[in-house]
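Enquirer: Chains C and P, in that order, give the protein sequences. All residue numbers for the first sequence refer to our numbering, where the first residue is 1 and numbers rise by one. All residue numbers for the second sequence refer to our numbering, where the first residue is 454 and numbers rise by one.
One or more of the hints may lead you astray.
If you want a taste of the chain P side facing chain C, the calculated C-beta under 10 Å gives, among others [stated by the list, open to error]: (1) Gly581; (2) Phe591; (3) Ala644.
No lab work stands behind these hints, which were simulated from the structure alone. No residue lacks a Cβ here, since even glycine has one placed at the ideal position from N, Cα and C.
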Amino acid sequence: MASISDCSVYLPVWKLKREEIAKATGLPSMGGEKSVAHWDEDSITMAVEAARMLKGKFEAVFFASTSSPFKIKQSASFIASALDLDNAFTMDFSNSFRASTNALITANELVDSGKFKRVLVVAADCIPIKPGSLYEQIYGDGAVAIAVEKEGAAKIIGYNSSYQPLPGAWMLKDELISFDARLDAIFGYASSIQRSAMSLLGKLGMSPMDFDRIVASAPDPKSYEGLLKAVGAKPQEFFFKNVGILGTAHPMLLLASQLDRTGRILLGSYGEGADVIAIEINEPVQTNLGRMLESRKEISYGEYLYNKGLTANRDAPDRPSIAKLWREEKSVIRFYGMKCRKCGTISYPISRCCVECGAKDYFEEVKLGYRGKIYTFTIDYLVSPGNYIGDGAHPHCVAVVDLDGGGRVLFEVTDTLTDFKGIECDAEVERTFRLLFEKNNFRYYGWKVRLLR
Amino acid sequence: MEVAIIGCGVTKFGHHWDKDHDDLLVEAVYEALNDANLELKDIEAVWCGTFYPFTGISGNVFSDSLKFFGKPISRVENYCATGMDNVRNACFAVASGAYDIVMAAGVEKLMDAGSRGIPPIEGIFSIGMPVVSAPGMFAMAANRAFKEWGWKREDLALVAVKNHYNGARHPKAHFRREVTVEEVLKAPIVAYPLGVYDCSAVSDGAAAVVLTRPEIAKKLGCEYAVIKAIGMAVETMHPWHRPSESFLSFPATVKAAKMAYKMAEIEDPRKQLDFGIVHDCFTITELINYQDMQLCKMGEGAKLIREGVTAIDGDFPINPDGGLKSFGHPIAASGVRMIAELAKQVLGKAEGLQVKDAEAGFAHNLGGPYSVASVAIVTKP
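Bound conformation, chain C alone:
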């Protein structure tokens, strides 16, 4: 069996109060708030944001999501390139809320067998939910990345998986649907988790009493509490109040929340059956979960709809071809600049001649820093965020940033909505991986900056 050696969480900074949704839709509020992606975030960008915090290289990248932006086009390979991995076995796990635990179990086997030394499992979801639907208050957006290697702080001691042909929630085209929450809660969730767990405990020769904590993602918070009461255990923090259910990233969020203290845990995930994994946390793993929860900004329902692309018209000018995107991948996605061997200037992007001295083909490629300082900026009302034609209400903030370690780059400043407090000359910013814009039925990604979180 393999171990979990590191873990990182990414939650969008934006929080939508359920009260706001209730006011706008007329449905009763479920209380608290949920994390919502900025307009330029999706499961790919959040996966990169979570994963880039993990130090070191990976031999394989497993991406789990039910909301990959592309139906055909692998996300894991793209994430690997944004993480600047030289080569990696890349694989997408999809279509089920169990995708993340499926990926973790697969990673466990491949590391245990000695096939790979270190595997990245990254789960992200940003499920498109119809405004005014039941699920609008339930699902939030976020991502969790986990490093799996042979030895590490938290050892996987066993797992079991079972399937159950009861469709809990499904999406045929664009809308998340379920039949009856009660049927799902009793015969789907509770029975599936118990079935997988009992069989696992049998194999391990253990009883529920041998575990310190039990966490299991669920279609709703009550189902989780009900299950824990039924087995006589104390429910753990479920993060419904302040985050919402993060789709297939939710089991990983629950895992992340347990890693900061030692003990033996059971981790469950549900989706037409259940995966249950037994983990022994021998040393606490410090994650950024606390900081991610603390760093929050509120968003109104109107801005939330704008962010989801449901209001306002967005049209971007045509950009160079996909061939150019492929040629410039090293600069645009991996974010390399060049260091001139003649004058020493570090500049962006990579180009055959140095921007300061003109030296031809005499440079080395250098990876540019994540943080920097604003040299100058503007808040441009003729353009809307994402290069879209300005609507006069959502200005495009751009800044010339001197990156730590060299290199000066023009970036879009994101996560601002219409609040530009703190954006000034000399302000500190950090890079963040985002959707640049959507055009001609393609999504173009790259780096932006935001004020430090």
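Starting from the known structure of chain C, arrange chain P on it as the hints suggest.
Expert: Quick look at chain P alone, frame taken from chain C:
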């Protein structure tokens, strides 16, 4: 170099919804020909500028408008400095003796794009780079100047007030209305810190000049002004990616000015020239231009406008015509119009806006994200 300007034609600048680019070009070209007392067939070669392909491309933009066939015509495009680059190409062609009488013209039909601000240019920027509007590019210079030198929006407003004062008196300006500092400051923001009155307008227009050598001008009996020098420099289209860029000075202007001053043997423009026309696409641009054109030291641009030095009755009037602020900026037409304005001033024909004892002046045309600049010196013969 000595090139004679013997004819100038400029349409009224503004929203010409009812005119096509060829209507405007015909109007400017025939006005210039009448001014020179020549016929179209006397023109041996043409340089015609258009910036946007939707205005027109190739030599055909001129040939098809005028039905002027069978002659050499080049289309010039060099960002917002297209106009003066046209004139520059035409100048060197007559100065070399290759042709005797040539024309430089520029036209732009911006209103046909129907957008707010100038229309975006599709496909030219790199994929990873965010789009910045024209005011956004110069707003970045303003924010840095505010930080470095403590300039304020009030300083920028003074530029708008001065140029609108002059433009209100020019029959061909787009906006013929004075503005107050308060109005300028209260106007909506376009790209922070630039507001509506800090920006030149989106306008349509055309301009044309007829050029020859002074001895031919004399033979023809034409009244003429002399282009003594014309410099030009091209820098980077991505100033935001060049670490040495200060955003407080535009190197293209500095270099083009040095070239022109050297050609015209000018050591101190404040003493040897009487006035100037600078590219005031935005109010901040005009203040930075003062410095780059060597009218004052770095950081002192705002002092010049505060002290009234550049007012029409000041020590060194700038933009006595009202500038782009009053005319708007039909891109390829602007630089050609600037040359026409210089000729009018040095010939004492700038009615109502005549700079006292104007014998020599400069014009400065700036383009792109400060990446292209051209500077011309025009004097009395």
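Enquirer: Now, for every hint given, state plainly whether the structure supports it.
Expert: Taking the hints in turn, this is what the structure says about them:
1. Gly581: 4 Å, holds
2. Phe591: Constraint on Phe591/P satisfied, holds at 9 Å.
3. Ala644: 4 Å, holds
Checked against the numbered hints given earlier, this structure breaks none of them.
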